[in-house]
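Peer 1: Use the sequences and the hints to build the structure in full.
Numbering-wise, this note's numbering puts 80 at position 80 of the sequence shown, and it's gapless, one number per residue.
With a straight-line Cα cutoff of 30 Å, these simulated DSSO-like cross-link-like pairs (lysine-lysine) come out:
#, residue 1, residue 2
1, 28, 70
2, 58, 35
3, 75, 10
4, 13, 25
5, 28, 75
6, 49, 35
7, 70, 13
8, 28, 47
9, 70, 47
10, 49, 70
11, 13, 49
12, 35, 47
13, 28, 10
14, 22, 10
15, 73, 58
16, 73, 25
17, 49, 22
18, 28, 13
19, 75, 25
20, 75, 49
21, 13, 58
22, 81, 49
23, 73, 13
24, 73, 28
25, 75, 35
26, 47, 58
Okay, the calculated beta carbon distance ranges per label pair:
#, residue 1, residue 2, range
27, 65, 31, 15 to 23 Å
28, 3, 71, 15 to 23 Å
29, 26, 52, 30 to 38 Å
30, 13, 63, 30 to 38 Å
31, 83, 15, 31 to 39 Å
32, 24, 46, 18 to 26 Å
33, 54, 26, 27 to 35 Å
34, 34, 14, 16 to 24 Å
35, 13, 65, 26 to 34 Å
36, 65, 11, 28 to 36 Å
37, 15, 60, 26 to 34 Å
38, 13, 83, 28 to 36 Å
39, 51, 26, 30 to 38 Å
40, 24, 2, 14 to 22 Å
Note that these hints are calculated values from the structure, not bench results. Since we're looking at a predicted model, the values are computed, not measured. Beta carbons are placed, not taken as given, at the ideal position from N, Cα and C, and that holds for glycine.
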Amino acid sequence: MDLRAGYYEKFYKVTQPYTTLKFLKNGKTVSHWAKAYRGIVLREAAKHKIESIEDFMKLEIENLSVHEIKQTKNKTEIVYKIME
1 MDLRAGYYEK
11 FYKVTQPYTT
21 LKFLKNGKTV
31 SHWAKAYRGI
41 VLREAAKHKI
51 ESIEDFMKLE
61 IENLSVHEIK
71 QTKNKTEIVY
81 KIME
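Peer 2: Okay, structure coming up:
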């Protein structure tokens with residue numbers, strides 16, 4: 001899982017398959033609060049002892065719903081819709 005902010009992606013290219021997270025609120029990408037939402041997702045993953053990407057994909061998180069999953073080359077981007 002790659003938890004870097006989008007800004008830092010240009011400094012290091014990942015060559016192995018990886019997963020990123022993106023958050024939408026009112027149809028717009030959340031940037032300022034994205035770190036807080038990544039923390040919420042990670043806390044829930046830790047609480048449920050998630051050990052694989054398959055288990056992670058099944059994880060239900062309060063106030064977040066999976067909007068879409070984008071796959072390009074070795075990157076999987078999970079786009080969450082914020083329900084608050």
